[in-house]
Structures are given as structure tokens and as C-alpha cells.
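Colleague: Using the sequences and the hints given, assemble the complete structure.
Take a look at the letters that make up each chain.
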Amino acid sequence: MFYHLVSSAIRRRKLRIALAVLAVVMGASIASTLLTVSFDINDKMGKELKSYGANILLQPSSEGAFINESELYKIKTIFWRHNIIGYSPYLSDTVKIKDTEIVLSGAYFDEEIRIPGINTTFIGNRKAQEKEETIRTGIKTIAPWWKVDGEWLAQKEALVGEALVGVNAAEKLGLKQGDLFMAESGNNNETFKVSGILSTGGDEDEQVTVSLKDAQMLFGKQGMADRVVVSALTKPEPAQEIDPSRLPPEQYEIWYCTPYISSIMFQIEEVIDANARPIRQVADNEGKLLKKFEWLMFLITGIAMTTASLGVAAAMNTSIFERKKEIGLMKAIGADGNQIAGLFFAEAAVTGIIGGAIGILIGVALARMVGMWVFGAIINPSLFPVLISGLLSLAVALFGSMLPVKKAVEIEPSVILRGD
Amino acid sequence: MIIAKNLVKKYDTTCALKDASFTIEKGEWANIMGPSGSGKTTLLNLIGCLDSPTSGSLLVNGIETTKLSQKERTRFRRENIGLVFQQFHMIPHLTALENVMIAQYFHSIEDEKEAKEALVHVGMEHRLHHLPSQLSGGEQQRVCIARALINQPRIILADEPTGNLDKTNEEAVLDIFRKLHSEGRTIVIVTHNPEIGEIGDKIIQISHGEVKY
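Residue numbers (our numbering), protein chains in the order written: chain A, 189 to 608; chain B, 246 to 458.
Calculated directly from the structure, the hints in this document are not laboratory data.
Glycine included, each C-beta is placed from N, C-alpha and C at the ideal position.
Any given hint could be a false lead.
Claimed, not checked - To be clear about the criterion: a stretch of chain B counts as covered by chain A if any three or more of its residues have a C-beta under 8 angstroms from a C-beta of chain A, and this derived list gives those stretches:
(1) 284 to 296
(2) 309 to 322
Said to hold, decoys possible - Derived, one-sided and incomplete: chain A residues facing chain B with beta-carbon distance under 7 angstroms:
(3) Met189
(4) Val355
(5) Ile521
Modeller: Written as C-alpha cells, this is what we have:
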């Protein structure tokens with residue numbers, strides 16, 4: 189009888205129900221769009237943010253030591269290897285150019301690195317085998333905003349090394365694109381051709397930047413780097429600082445398998461003889477920005493759901509007003525408040541489920557479109573936001589019905605006899 | 246047994262019922278009669294626990310109903326009272342059988358066989374699966390009586406049960422009431438109809454909210 193009463197009430201009031209469903213559809217579609225986007229956004233936006241700088245700095249483990257360049261590929265073999273967007277080793281020292289002391293740095297620009305196949309990782313009992321691959325990394329990957337007036341360094345071997353001269357250094361040295369200059373370091377010297385004038389807004393504006401190989405040659409430190417900057421996709425760290433050595437095994441595993449900057453640094457230190465530390469400013473700001481973005485998403489979702497709830501309340505109110513006599517009759521023949529409330533809440537739940545399902549479908553499609561427009565990538569729906577949107581739709585329909593149902597419960601059965 | 250003492254019902258400043266006192270014995274047929282607006286329906290509402298009085302005492306089947314909460318009144322009503330209305334008041338989207346079964350559903354559990362028997366009892370066995378819109382006034386009223394009887398109430402309250410019926414249907418409905426009365430049920434009917442007044446054991450005359458009997 190309960191099912192019959194609910195289904196026939198819905199069938200008879202298709203328009204009213206359609207209005208309530210529409211309200212839920214609108215709320216659910218906005219909620220599921222935003223939740224799907226915000227769920228996927230950490231990755232997508234994290235990648236965008238990574239284009240504003242590296243967030244991990246590797247330094248030699250002891251004073252006067254260097255990092256071995258040939259080991260650096262191992263950064264791309266750690267557990268969170270897919271979160272490593274790129275890295276670049278640096279080798280810097282002071283050189284003399286036209287009798288002026290200036291810092292010359294060597295770095296990767298767009299270096300091809302071979303990563304050997306990994307076949308020692310186990311996922312459960314399965315051996316995860318990854319084939320050998322080649323990646324391109326360097327400044328173009330981790331600092332794509334560098335502005336070069338002229339040409340980036342060519343990858344091809346040339347008789348004369350090429351250099352990017354910082355905008356302030358170029359002014360100081362009186363160099364322009366195409367000029368040749370000699371850099372002296374101790375007894376060594378190298379001739380470079382200015383391929384472009386560099387402006388980054390950072391220290392590089394005061395320096396000369398060449399390829400790592402040229403710098404190693406000039407400084408006589410083949411295969412060495414004095415620091416490495418790494419750009420990794422990370423998740424904001426929890427509020428309290430984590431000391432992995434003090435974590436119980438289960439929590440340690442969770443921490444290790446979460447892409448916190450601390451766990452990624454820890455994993456890098458496991459494979460490379462170097463000290464890793466976060467480049468705080470970028471890492472912190474990135475986390476804060478993502479958090480703010482998430483809050484904004486939740487706020488809009490909240491507003492959308494509240495509006496949907498008001499829509500449901502309005503539709504339900506009208507429905508209850510129209511059915512005042514029917515409710516009075518049910519009460520007169522013995523229905524108590526809970527039975528009346530049950531009927532209307534069931535109706536609201538159906539509204540929530542139908543509206544939620546349609547809204548989620550629309551939301552997932554919208555999320556994909558937002559992904560394409562804003563991030564240039566497809567956002568794939570995941571179960572969690574879909575589930576949350578579904579539950580929210582149901583909650584909104586039930587919550588929106590609360591006041592109207594309360595009114596229905598309070599209808600006096602005597603309306604039937606009074607005839608009002 | 247229904248015992249009313251000094252029942253008063255006020256709606257804002259209007260006094261619909263003034264110091265009404267009367268007794269209806271178990272198994273008695275009492276007719277509440279009086280002109281329109283005299284307070285008949287108000288009195289029926291109070292006896293049926295559809296409303297509560299402003300003051301006074303009302304004992305129904307030994308229970309002081311004026312002291313019951315709304316929830317308790319609902320429970321008391323569905324256990325003890327069957328209601329029949331002038332306007333029939335059926336749920337339009339349920340069939341005759343379902344309109345009877347809904348009272349079972351609100352009371353406890355549905356029993357289709359029992360609901361069919363109740364409809365057979367009022368001569369509606371041929372219209373079980375018809376919607377109210379497919380039934381005549383008399384047929385609708387008979388379904389309402391079956392619904393009022395389905396939970397075996399000891400008291401039947403009817404508000405102008407024949408008010409909207411032609412002579413033939415009026416007679417058929419009154420026959421059912423006679424049968425119920427002979428089975429020992431207490432019947433209270435609000436009516437304008439002097440012919441019905443003659444059938445009952447007792448007439449409670451009401452005028453301007455004052456009971457004279």
C-alpha cells in the first residue's frame with residue numbers, strides 16, 4: 189500500500205514532481221560538476237601550478253661534495269615517479285667575462301634522459317614491470333615561463349657553446365644576441381655565443397646560463413652537479429609535521445604511499461645520495477591555493493544545493509497544500525504523523541534519486557567540458573564525487589521537504605468534516 | 246459508552262459548543278440533530294477525537310479523551326472509531342478495495358480477503374476494483390462504511406451519511422446502519438433528516454451550540 193500510495197501520488201502529480209526533480213537536477217549537476225572537477229583538480233591544477241616552478245631542491249649530502257649526474261635518472265624510478273614532472277641539475281660558479289665577475293650556471297634545457305626498465309616493484313603479489321623509456325626534462329619543463337629574447341639553447345652539438353645571458357648581466361656586459369664572449373674559470377676558458385637574452389624575474393637575470401655539459405667542461409667537473417631542482421606533483425601536507433621514523437608501520441605505509449612533498453623527498457633520498465628539501469614558497473602557496481580552490485568549489489556546491497532545496501520545498505509545499513483534504517482524510521481514518529511523513533519523504537526521496545541521477549549525468553558531462561576548456565585535459569569521473577553528489581541530492585530533497593512535511597503532519601483531520 | 250460533561254469548544258471568539266453534557270450508552274443509536282451552524286459537526290469532531298475541546302470532560306469507552314495528546318487521539322480513533330462522511334471522502338486514485346485496505350494499512354496490516362468481505366457486507370462485491378469516479382454516490386458511501394468498519398470499531402460516527410443520496414441509496418445505507426446497530430455497535434449520526442431521527446434510540450438536539458436532550 190505504501191508503494192502504491194507513493195507511486196500513484198507521483199503519477200498524478202507529474203508536473204509538480206517534474207519541477208522538484210528539475211530543482212534537484214540543477215543542484216546535483218552543479219554539485220557533481222564541481223566535485224568531479226575539484227576531485228580531479230589537485231592533479232590537473234597541480235600540473236598547472238608546477239609550471240610556476242620546482243618545489244624540491246637536492247643538495248650534495250656533504251660540504252664540498254657534488255651530486256653525480258649519472259644517478260639522476262633514478263628520480264624517475266621512485267614510487268611516485270609519475271608525479272615527477274621534471275628536474276634539472278645545476279652547476280654554478282663565478283667566472284670572469286670581459287674582466288667582470290659573474291655567475292655562470294649550467295643546467296639541462298630540454299635533455300633526453302633514458303630511464304631503464306623497472307621490474308623490481310611489487311604491487312601486492314604482482315610484479316609491476318615497466319619498460320625502458322625516454323623522457324625529456326630540463327628548464328623547459330620545470331620553468332616554462334622563462335622568457336628568452338632570441339633563441340633557446342640549441343640541442344645540437346656546436347663548435348661554440350651557446351649561452352642565455354640574463355637581462356641585467358647583458359646590460360652590464362654590453363652583450364646582445366649573436367655576440368661572442370669568453371668566460372674564464374681558473375685556467376680554463378670557453379667561448380660562448382649569446383643565443384638569447386633571458387628574463388625570469390629571478391637570479392638568472394644577473395647570470396649567464398649555459399648547458400650543463402659546457403659548464404662542467406669549463407669548471408672541470410664532468411658528470412657533476414652542485415644542486416638539482418625537481419618539480420613534483422604533490423598533495424598538501426597535513427597540518428602537523430610528520431616524522432616518518434616515528435610513525436607506526438601502517439601509518440608509515442599510508443604516508444609513504446601519499447604524494448606529500450615529504451614522502452616524495454624521502455623517496456628521492458632513498459635513491460640519490462643527496463639532501464632533499466622543499467622549496468617552501470612554491471610548495472606552500474600551491475597547497476594553499478588548491479585548498480582555497482577546494483573551499484570555493486564547496487561553497488558554490490553548498491549554494492547550488494541550498495537553492496535546489498528551496499525549489500524542492502516550494503514544489504512540495506504546493507503539493508501538500510493541494511492534498512490537504514487527502515491528508516486530513518488519511519489522518520481521520522487512522523494515519524499518524526509518522527505515516528504521513530513517511531509518504532511525503534518517500535516522494536521526496538524518489539525526487540532526489542531521479543533528480544540526482546540525471547544531475548550527475550549532466551554534471552559528469554559538464555565536468556569533462558570544464559576540463560577541456562580550462563585545463564585542456566579530460567576529467568574522468570570517479571566514484572567518490574558521484575557518490576557524494578548522489579547522497580547530497582537525496583539529502584537536499586529530504587531536507588527541502590522537511591518544513592512542508594511538518595505542515596502536512598500538523599494538518600488537523602477535522603478539515604475533512606469542517607469542509608475548509 | 247460516551248459521557249460528555251460541560252463540553253466547550255471555542256474557535257477564536259466564536260463559541261461553537263456551550264456546556265454540552267449528554268450520555269450515549271453502549272450499543273445505542275443516537276442522532277445529533279439541529280439547524281445548520283448549530284455545532285453538530287463540532288460535537289461529532291470531538292467525539293471522534295478529530296478535535297479537542299476547549300474545556301470539559303469527554304469519556305469514550307472509559308477513556309478521558311480530552312487529556313490525550315494528538316498522537317494518542319489518533320491511536321484511540323483508529324482503534325475505537327469508524328467515520329462516515331457526507332461527502333464520502335475517498336482517495337480518488339485508489340480503487341474501492343484499496344480505499345478500504347488503506348484503513349487497514351494505517352491501523353496495522355493489510356488483509357485483502359478481509360477488505361473484500363467488508364465490501365461484500367455492504368453489497369459492493371461487484372465494484373471492488375472501480376475507482377471512486379466510476380462509482381455512484383450511494384456506492385461510494387457504502388465503500389466508506391466498509392472502510393469505517395474494517396478495523397472493527399465499537400463506535401460508528403456518521404456525518405449526514407445520506408445527505409447526498411437519493412431515496413433508494415439512502416434506504417440501502419440506513420439498512421446497513423440498522424444491521425450494525427443490531428450487531429451491538431454504538432452509532433452516532435449527525436442528521437437533518439427527521440426520518441433518520443425516528444430510527445434512533447436517542448436524539449441529541451443542538452441549537453446555537455447548546456445541547457438539549
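Colleague: If you count the residues of the segment 284 to 296 of chain B with a beta-carbon closer than 8 angstroms to a beta-carbon of chain A, do you get 3 or more?
Modeller: With 6 residues closer than 8 angstroms to chain A, the segment 284 to 296 of chain B meets the three-residue bar; holds.
Colleague: Under the criterion of a CB-CB separation shorter than 7 angstroms, is Met189 of chain A in contact with chain B as hinted?
Modeller: 4 angstroms, holds
Colleague: Under the criterion of a CB-CB separation shorter than 7 angstroms, is Val355 of chain A in contact with chain B as hinted?
Modeller: 81 angstroms, violated
Colleague: Using 7 angstroms as the Cβ threshold, decide whether Ile521 of chain A counts as touching chain B.
Modeller: OK, holds: Ile521 of chain A within 7 angstroms of chain B, min 5 angstroms.
Colleague: Are three or more residues of the segment 309 to 322 of chain B within 8 angstroms, CB to CB, of chain A?
Modeller: Coverage by chain A holds for the segment 309 to 322 of chain B (5 residues, Cβ < 8 angstroms).
Hint 4 from the list above is the single one not met by this structure.
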